[in-house]
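Undergrad: Below, each chain spelled out in residue letters.
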Amino acid sequence: MIHLSMDLEKTKTFLLEILKMNAEPKSLDWLALQKEKIGEDTSYMKFYLAFGMASRYFKKNLMDLSETKIQKAKTLVEGFSPESWDQLQTARSYLLLHFGIADASAWVDAINKLFETADMHEQQSLYAALPLMPFREEMVERAVEGLRTNIASVFDAIALDNPYPSQYMEERAWNQMVLKAVFMQRPLYRIQGADKRANPTLAKILVDFAHERWAAGRKVMPELWRFVGPYLDIQNFGDIEKVIHSSDPLEKNAALLACHQSGFVPANSLLKQFPKVQREIQQGELTWEKIGREFENLSRPQ
Amino acid sequence: MYIDPHIHVTSRTTDDYEAMRKAGIVAIIEPAFWLGQPRTEVGSFKDYFSSLVGWERFRAKQFGIVHYCTMGLNSKEANNVPLAEEVMELLPLFVGKEGVVAIGEIGYDDQTPAEDRFYRLQLELAKEVNLPVLIHTPHRDKRKGTTKSMDVSEEHGLDPRMVIVDHNNEETAKEVLDRGYWAGFTIYPHTKMGSERMVEIVRQYGPERIIVDSAADWGVSDPLAVPKTAALMRKMGIPEEHIRLVCYQNALTAYAQSGQMEEMDWLKPDPIDQRQRQFGNSVLRGGQSPKVEGEASDIVEN
Chain D
1 MIHLSMDLEK
11 TKTFLLEILK
21 MNAEPKSLDW
31 LALQKEKIGE
41 DTSYMKFYLA
51 FGMASRYFKK
61 NLMDLSETKI
71 QKAKTLVEGF
81 SPESWDQLQT
91 ARSYLLLHFG
101 IADASAWVDA
111 INKLFETADM
121 HEQQSLYAAL
131 PLMPFREEMV
141 ERAVEGLRTN
151 IASVFDAIAL
161 DNPYPSQYME
171 ERAWNQMVLK
181 AVFMQRPLYR
191 IQGADKRANP
201 TLAKILVDFA
211 HERWAAGRKV
221 MPELWRFVGP
231 YLDIQNFGDI
241 EKVIHSSDPL
251 EKNAALLACH
261 QSGFVPANSL
271 LKQFPKVQRE
281 IQQGELTWEK
291 IGREFENLSR
301 PQ
Chain U
1 MYIDPHIHVT
11 SRTTDDYEAM
21 RKAGIVAIIE
31 PAFWLGQPRT
41 EVGSFKDYFS
51 SLVGWERFRA
61 KQFGIVHYCT
71 MGLNSKEANN
81 VPLAEEVMEL
91 LPLFVGKEGV
101 VAIGEIGYDD
111 QTPAEDRFYR
121 LQLELAKEVN
131 LPVLIHTPHR
141 DKRKGTTKSM
151 DVSEEHGLDP
161 RMVIVDHNNE
171 ETAKEVLDRG
181 YWAGFTIYPH
191 TKMGSERMVE
201 IVRQYGPERI
211 IVDSAADWGV
221 SDPLAVPKTA
231 ALMRKMGIPE
241 EHIRLVCYQN
251 ALTAYAQSGQ
261 MEEMDWLKPD
271 PIDQRQRQFG
281 NSVLRGGQSP
291 KVEGEASDIV
301 EN
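Line by line, the protein sequences are chains D and U.
When we follow full-length UniProt numbering, the leftmost residue of the first sequence carries the number 1, and every step to the right adds one.
When we follow full-length UniProt numbering, the leftmost residue of the second sequence carries the number 1, and every step to the right adds one.
Looking at chain U on its own, in the form it has when it is part of the complex (with noise of 0.2 Å):
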């Protein structure tokens, strides 16, 4: 059993789903995003929210895959003052919803004023509602814009427990698990780790609050990409119980702080579940069922 507690998916395809579940995924964590491009209405974000809590989580479900999601004003879009403004007014409808196991992903991009300015008032906001945080930390300027978004953080006065610092590499590691920060480690084609590197990075520091993750989304990416590094962990002797904490446990025990996850969601169906199921199968439309298994085949299913 895997957990991927970083991927986009409202951007891949039901292959992938179906891929993901064949490989062992059983739970993943959609934090709330940019779309690649900048959103210019709050009415975007609040569609794009609700489809976090709604659709998406249906879609997976298909899949035998649980969605969970984290709900933030990306550093990105921080950058538009006058509708950062108005999301910040739309968050509080969505924190609270179920499934919702974190304030994320925040932090800095361009570490510009009005990214600090909505980065320190989500800090606030998560406190309130006590969630743990997700931390995008920046692609440019990343090690400084590391240390910065644990400073602020702490100033903020965030249990590092409660705080999962995400997109680490070589350079960043040794400090934000010194610190007492989750370390998150996307495997992400060139711009952010290898699965080599991933498996190295275990070597070194042990599997304590390590947590690895995909980030797959509209760009080059890979929904297998922790299964896969789980592999190449066992393929190159890394001890069985630190695959299952990096590729499972850590990223379950650091966001089940939320109250809004927890194993038996799927280890022992929901009852919502099996009244639908009781309803016939579980279509997406038309009586589709999702196959799991199967062979490669030039037929399309009638």
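Chain D with its partners taken away, still in its complex shape (with noise of 0.2 Å):
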């Protein structure tokens, strides 16, 4: 794994740039402010509690963001997606990066205080801002810890449009939150670093967890498919020549990009005698993305 640095200085002067792009002047002196108060405290609670109050402060309307503040974001911080983020949280994560203790443990202790105490959105924000954190290995338990959460926008923080899991979880951690995610049917092409972090012990999970849903007359996600494209073999063939054959056009597609991504013969044999479906993919128009974009929509409730 590839543990990436990051400039503290630049990315809160990115941060104050785009909220400035988006919020209202009042709630921007507000900000500032609060900053000189975090600068001055020893207690931390002038943090928790401005942590909190930004709430009457900030909207949650998604940051609206120029494709050069995106794609700047993503110098600052490898995968860093505030587009994905709202007003309300990126005023949340800059207060945070002024939350300045240079001891580690001590960091950790009071930011895990405010985790223990934080209502939802503080969650979110506070997950969604682990790759900007300044003590990010020592952050991996509680990250593994925040994946245990039923609530939907929790998990999503951490899972979808963050690439902290990628780059520190261990093998463990990151199949659990992938099967995890299939089960609580997130959209997976949101996941960073998924092709580079698939591994056999995940495919066969995966493949477990799909024979147990057909077992209970249920279907599965179609995404599911790409973290076991890479690791088909003479056993799990079946499985995925049963999807091939299936009713359903989005099912049969990802089990089609699979094979193609599969270094397994017959794999490649099966993609040929589908040549209209080969030929997308090998144009780039059919794409995981796309499968799992199609499937959001099948899935949205009217």
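Note that these hints are calculated values from the structure, not bench results.
In this text, a Cβ means the ideal position worked out from N, Cα and C, and glycines have one as well.
Don't take every hint at face value.
A short, non-exhaustive set of chain U residues, derived as facing chain D with CB atoms under 7 Å [said to hold, decoys possible]: (1) R57; (2) F58; (3) L267.
Capping the alpha-carbon separation at 30 Å, the derived lysine-lysine pairs in DSSO-like fashion look like this [unchecked claim]: (4) K12/D / K35/D; (5) K59/D / K127/U; (6) K60/D / K46/U.
Hints are included, so try docking the two chains, each in its own frame, into the full complex.
TA: See the structure below:
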């Protein structure tokens, strides 16, 4: 795993820049005042209170960012995606970066206390800000604990649009996260580093999960096969054949895309029997993102 | 549309939530209270408070109900003084959270000196953070306890308009209303008000500053007490506008003074909701979608 460095000062400046383009001047004045207060306070209380009170000054509207800013974010921290953030969590993250304790264990204790008393949106903000935190390695246990939530928005803050899990979590925790995302039917295409962190253990767990669903007469989300594709073998090939012959075009395309990812010869031969789909894959028209988005549209309540 | 401004939904099932939504309840307030038996550790309070701004809020949202809460140390548990002191240190971390609409429910149970001490401390806290206060009036020696609650509140300089005195009955109603307080009436079988008596109260006093609630909890109680009482009032010829005031608007007006509750919260969906829905169904787990409508059936959904 590559753990990337981050320039704290540049990130602070960037967050303030994008907030200025989105929030009200009086909210920004309040934020500037809190920044000063946090700097002077040794009891952490000012920081905790400002973090909570931010909801009175910033809206939960999604950040409106130019393409330039979206790209700039990724040069600061790989995978950083503030375009999926709202104004309030951006302001909270800005405050968090000003909570400057040099000692790692004191910092972690203080932040853990904040996690333990956080409301729903505060939890979201904290988990989504993991990749910006000064002591990222030390927060792995907290992130794993966070994934145990049943609150979808909190789970999403860790698992989706967040570079942290693929960069910091060991295989067991990563696999649990992906499995739970499948179980909760989250959009898997928004998990960063998905292909890079695919592994045979995960493929096996997901195939077992698919069997369990089928035995119960339930369907399996098409994106699941993304994590199985690279590990197709004699044992699970029957499953992929079954999906390819399903009546659901989205599942069928997903299974064929999985065959495309595979080095297993029978999978390649099977894909050749569907030249139209194969062409779409080769031309980049049929991708996991496309399948994921279409699946989301289908499952959206009317 | 109804608001139940006093209900301990933590103790209720999802069937209750479904029925409440179906009966027209759009928003609820869950006052921090005891669990039916005393807590022995401050950590139990911390986890309870955080569930009120976390998990329970999420749970309610699944059924289209907006969940708010009040924070406070209840009078029964104020009698464990060392523990109560620890809880007082914890409260500042929670009173500023989003959706915390009052300090409460606080007041007297046995009317002991310890209860008096922590009641006063919390009145001061409410003043400091500019939140309304929800007073729990005692079950025993009610009339005296109610009068004392108001006397002490005035001694601490609170404006009666910022104070909701709950669990009133025929004996306390006049004084509470005459002194300018909001008067809550709890429709709770056997121990508090019945809905027929409630109709007579509204007939006698009119709708001004009267608030109907259920206080449904882990005991034999009714989460539909507010809509049922409204229906009875309608049948008994109480004007529609009076029903709207006592079963919806008055609670909103009283608690909106916190700056944490407004009609738009349920009339106009939160941008966060839209973003979550965009991810597919707003799952609790494994792709369930809570149903609000539907016929009774012996089939448990797969």
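Undergrad: So, for every hint listed, does it hold in this structure?
TA: Against the structure, the hints:
1. R57: This hint holds: R57/U lies near chain D, its Cβ roughly 6 Å from the closest one there, short of 7 Å.
2. F58: 4 Å, holds
3. L267: Constraint on L267/U not satisfied, violated at 16 Å.
4. K12/D / K35/D: 11 Å, holds
5. K59/D / K127/U: Holds. K59/D to K127/U sits at ~26 Å (cutoff 30 Å).
6. K60/D / K46/U: The hint holds at about 26 Å.
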